[in-house]
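Using the sequences plus the hints, can you model the full thing?
Number of protein chains: 2
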Amino acid sequence: MKPSIVEVAQLAGVSTATVSYVLNGTKRVRPETARKVMDAVDKLQYQINPLARNFRKGESKLIGFVVCDLSNSFFQDIALGLEQCLNQYGYRPILIDSKEDKQIEMDNVRNLLGSSIDGLVIAPTTEDFTYLKLMLRNHNVPVVYVDRKTSGYESDVVLSENVEGGYQAVKSLIERGHREIAFIGSRRDSTMEERGEGYRKALREAGIPINENYIRYGDNMSVSQRNLLHGTIYNHTRELVKNYPITAIFTGNNLATVGAFNYLMEAGIKVPEHIAFITFDDSFWLSMTTPSLSAVAQHPEEMGRIAGKLVCERILATQRNIENPHQLIRVPTKLVLRRSC
Amino acid sequence: MKPSIVEVAQLAGVSTATVSYVLNGTKRVRPETARKVMDAVDKLQYQINPLARNFRKGESKLIGFVVCDLSNSFFQDIALGLEQCLNQYGYRPILIDSKEDKQIEMDNVRNLLGSSIDGLVIAPTTEDFTYLKLMLRNHNVPVVYVDRKTSGYESDVVLSENVEGGYQAVKSLIERGHREIAFIGSRRDSTMEERGEGYRKALREAGIPINENYIRYGDNMSVSQRNLLHGTIYNHTRELVKNYPITAIFTGNNLATVGAFNYLMEAGIKVPEHIAFITFDDSFWLSMTTPSLSAVAQHPEEMGRIAGKLVCERILATQRNIENPHQLIRVPTKLVLRRSC
DNA sequence: TATGTCAAGTTAAACGTTTAACTAAATATA
DNA sequence: TATATTTAGTTAAACGTTTAACTTGACATA
Chain A
0 MKPSIVEVAQ LAGVSTATVS YVLNGTKRVR PETARKVMDA VDKLQYQINP
50 LARNFRKGES KLIGFVVCDL SNSFFQDIAL GLEQCLNQYG YRPILIDSKE
100 DKQIEMDNVR NLLGSSIDGL VIAPTTEDFT YLKLMLRNHN VPVVYVDRKT
150 SGYESDVVLS ENVEGGYQAV KSLIERGHRE IAFIGSRRDS TMEERGEGYR
200 KALREAGIPI NENYIRYGDN MSVSQRNLLH GTIYNHTREL VKNYPITAIF
250 TGNNLATVGA FNYLMEAGIK VPEHIAFITF DDSFWLSMTT PSLSAVAQHP
300 EEMGRIAGKL VCERILATQR NIENPHQLIR VPTKLVLRRS C
Chain B
0 MKPSIVEVAQ LAGVSTATVS YVLNGTKRVR PETARKVMDA VDKLQYQINP
50 LARNFRKGES KLIGFVVCDL SNSFFQDIAL GLEQCLNQYG YRPILIDSKE
100 DKQIEMDNVR NLLGSSIDGL VIAPTTEDFT YLKLMLRNHN VPVVYVDRKT
150 SGYESDVVLS ENVEGGYQAV KSLIERGHRE IAFIGSRRDS TMEERGEGYR
200 KALREAGIPI NENYIRYGDN MSVSQRNLLH GTIYNHTREL VKNYPITAIF
250 TGNNLATVGA FNYLMEAGIK VPEHIAFITF DDSFWLSMTT PSLSAVAQHP
300 EEMGRIAGKL VCERILATQR NIENPHQLIR VPTKLVLRRS C
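As given, the protein sequences belong to chains A and B, one line each in that order.
Residues in the first sequence are numbered from 0 upward in steps of one, following numbering that gives the first Met the number 0.
Residues in the second sequence are numbered from 0 upward in steps of one, following numbering that gives the first Met the number 0.
Just so you know, not all the hints are guaranteed correct.
[To be verified] Here are the simulated lysine-lysine pairs, DSSO-like style, with alpha carbons at most 27 Å apart: (1) Lys308(B) - Lys132(B); (2) Lys132(B) - Lys42(A); (3) Lys308(A) - Lys98(B); (4) Lys98(B) - Lys333(A); (5) Lys132(B) - Lys101(B); (6) Lys1(A) - Lys60(B); (7) Lys98(A) - Lys101(B); (8) Lys132(B) - Lys1(A); (9) Lys333(B) - Lys98(A); (10) Lys148(B) - Lys132(B); (11) Lys269(A) - Lys333(A); (12) Lys60(A) - Lys148(B); (13) Lys269(A) - Lys241(A).
The hints are simulated quantities; they were obtained by calculation from the structure and are not laboratory data.
As the structure is a prediction and not an experimental result, all values here were calculated from the model.
Here it is, written out as structure tokens:
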């Protein structure tokens with residue numbers, strides 16, 4: 000059987016309190032006594048029982064990360080950054096995939112909140128947070144949202160500079176002489192609409208009339224459920240190319256890129272000669288296509304790190320009863336120009 | 000303050016034991032009594048304190064997943080499958096990235112073992128497991144290895160059919176008339192050597208002499224530390240192409256693919272006309288390069304699911320004292336032929 | 001000398017559950 | 001009828017830590 004603090008105390012000839020104080024450094028102890036304790040610890044190969052400690056202290060050092068689509072590399076990279084950051088604060092992420100399914104998300108959040116996590120980071124499936132607000136009323140667990148906006152900002156949120164990113168992308172197309180530019184988003188959500196807003200802004204600024212037919216959204220599924228190569232995005236692209244005189248396409252994220260670009264390839268349409276192409280979300284793969292694809296790079300790892308920081312800081316602030324107003328943080332994007340435009 | 004089981008018991012007019020029995024269904028209770036309990040639970044909005052339960056039951060329902068390179072999509076996909084599977088068993092994964100650093104891996108494993116996880120899944124950085132065996136002697140936590148082999152198999156292991164996969168790839172090149180075929184692995188480890196073994200097997204079978212100069216390995220870093228486009232793999236490829244009459248390249252995984260293919264692109268070498276190309280690890284991106292790349296597809300999600308299953312089954316077996324011999328599971332690969340060969 | 005302060009350690013309660021062992025009543029068995 | 005069994009519930013210990021409150025003795029202060 001594993002030794003407990005009691006055995007250590009006995010062997011060292013002190014009380015369990017003293018052992019605890021030595022181990023945690025929470026109170027002054029004579030060096031000599033400390034040595035006795037440490038000797039006993041070594042001799043017994045004592046290891047603290049973290050279950051008991053967590054129970055006693057009422058904390059778990061765990062952060063739930065509930066992500067709408069873990070099969071999407073964008074969110075995988077957020078997880079990467081989050082893990083990195085939490086590590087530094089002594090926390091660990093529990094990974095959960097809600098597969099773009101509100102019900103799964105709800106069940107998991109409920110379950111997690113009941114599992115005594117110390118904080119929660121959510122990349123939500125939709126912008127409807129009413130259920131969450133309800134749940135969170137009973138638990139005072141800090142929550143940080145990533146990638147999608149909550150209505151009202153009464154939580155911390157981490158987002159990309161979507162409007163600016165979209166604006167830059169479309170502006171660069173306009174500068175190259177394009178006027179008939181389509182925007183294809185993976186689905187209709189606040190993030191895609193922001194990127195669409197950037198698209199509109201660039202057009203407006205250039206005095207180009209906005210054609211609502213040029214703005215398209217795909218359906219609602221996660222990468223793993225989705226037929227990336229021949230799904231709704233693919234069809235939208237075909238429809239656009241066949242029926243409208245567009246000369247450039249701006250896709251709203253990596254998912255949209257795959258379907259759209261695949262159509263162009265299959266149809267034998269030359270990029271950028273016939274149609275110029277630029278996308279949101281960068282990846283090293285984009286330099287291996289022909290032509291290599293221009294992109295508005297996001298920084299998912301950085302977003303994950305920021306989310307981790309926010310949630311940890313809020314935990315600390317709560318413990319110490321420090322005021323800590325909610326923040327909405329925008330992570331800048333970066334235009335990466337390659338051959339496709 | 001959150002209500003405890005005691006308040007529920009008082010309100011329902013029963014003992015805490017009864018409440019526990021009702022909530023867990025661990026003992027027969029009259030329907031009437033059960034109703035009283037449930038009413039009290041509803042009225043107080045009681046939620047069990049999982050910290051207390053975990054402590055009492057000595058389990059955490061958590062599985063540590065320590066992965067050598069979380070920035071590599073292959074491992075991200077393993078994480079995806081693992082999460083899926085654990086879910087079904089009522090467990091959750093804690094995600095940890097060891098960044099191909101043995102020290103980080105050791106620290107994390109130690110820390111996790113001290114954190115009362117119920118099981119451990121490791122995609123290890125090296126094949127040196129002596130430290131692990133030592134650590135695990137004190138904890139009886141089930142461990143499952145993925146992607147890299149432990150010497151001796153005294154644990155569960157999940158691997159791809161690497162030899163067979165490599166064999167199929169090279170065989171398909173030979174069938175297309177190639178004889179001067181290079182193998183480029185990302186680094187020297189058991190997995191890469193197995194794929195190299197498949198390469199040798201195919202050559203031997205075809206009576207083609209093996210030229211050791213045609214077998215190359217890159218360095219040792221994780222994706223995020225690595226210069227994928229212009230790293231050691233890139234240099235190996237250049238050296239091979241310039242100095243040897245090779246007509247085909249087989250790369251050992253996605254990392255090797257990026258460096259090698261990027262060299263071919265930059266050097267303007269036509270694929271497959273000048274050099275045929277096939278790789279281990281599939282991805283939808285491979286159909287978007289020009290030419291689209293043939294690959295030996297692994298099934299990382301499936302590997303993650305199997306790892307999850309193994310670890311959960313072993314936990315159950317241990318609890319019930321059931322004999323459960325260690326398993327080495329090989330997941331079949333699949334040859335996906337595209338334009339590059 | 002009387003009093004106060006400080007350091008170093010101890011005592012014991014508390015955290016919220018689960019569960020083995022027990023009780024009491026009801027029912028079955030011979 | 002006497003005895004055994006079953007059912008439905010209770011009692012209280014146990015899990016391993018942390019920590020507030022207390023004790024004791026040494027030293028400082030007036």
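Status of each hint after checking the structure:
1. Distance hint between Lys308(B) and Lys132(B) is fulfilled; the C-alpha atoms sit about 22 Å from each other, no more than 27 Å.
2. Using a Cα cut-off of 27 Å, the hinted pair Lys132(B) and Lys42(A) holds, with the two alpha carbons roughly 20 Å apart.
3. Taking the CA atoms of Lys308(A) and Lys98(B), the gap is about 20 Å. The hint holds against a cut of 27 Å.
4. As the CA atoms of Lys98(B) and Lys333(A) are separated by approximately 26 Å, the hinted pair is consistent with the 27 Å bound.
5. A distance of roughly 15 Å separates the Cα atoms of Lys132(B) and Lys101(B); the hinted pair therefore holds under the 27 Å criterion.
6. Pair hint Lys1(A) plus Lys60(B) holds up; C-alpha atoms about 20 Å apart against a cutoff of 27 Å.
7. Straight-line distance between C-alpha atoms of Lys98(A) and Lys101(B) comes to about 33 Å, which puts the hinted pair past the 27 Å bound.
8. For a cut-off of 27 Å, the pair hint linking Lys132(B) to Lys1(A) stands: about 18 Å separates their Cα positions.
9. Restraint check for Lys333(B) and Lys98(A): the C-alpha separation of about 26 Å stays at or below 27 Å, so the hint holds.
10. Between the alpha carbons of Lys148(B) and Lys132(B) the distance comes to roughly 14 Å, so the proposed pair stays at or under 27 Å and holds.
11. Between Lys269(A) and Lys333(A) the CA atoms are separated by roughly 25 Å; this keeps the pair inside 27 Å, and the hint holds.
12. Our distance criterion of 27 Å between C-alpha atoms is broken by Lys60(A) and Lys148(B), whose separation comes to about 32 Å.
13. At roughly 14 Å between alpha-carbon atoms, Lys269(A) and Lys241(A) fall within 27 Å of each other, so this suggested pair holds.
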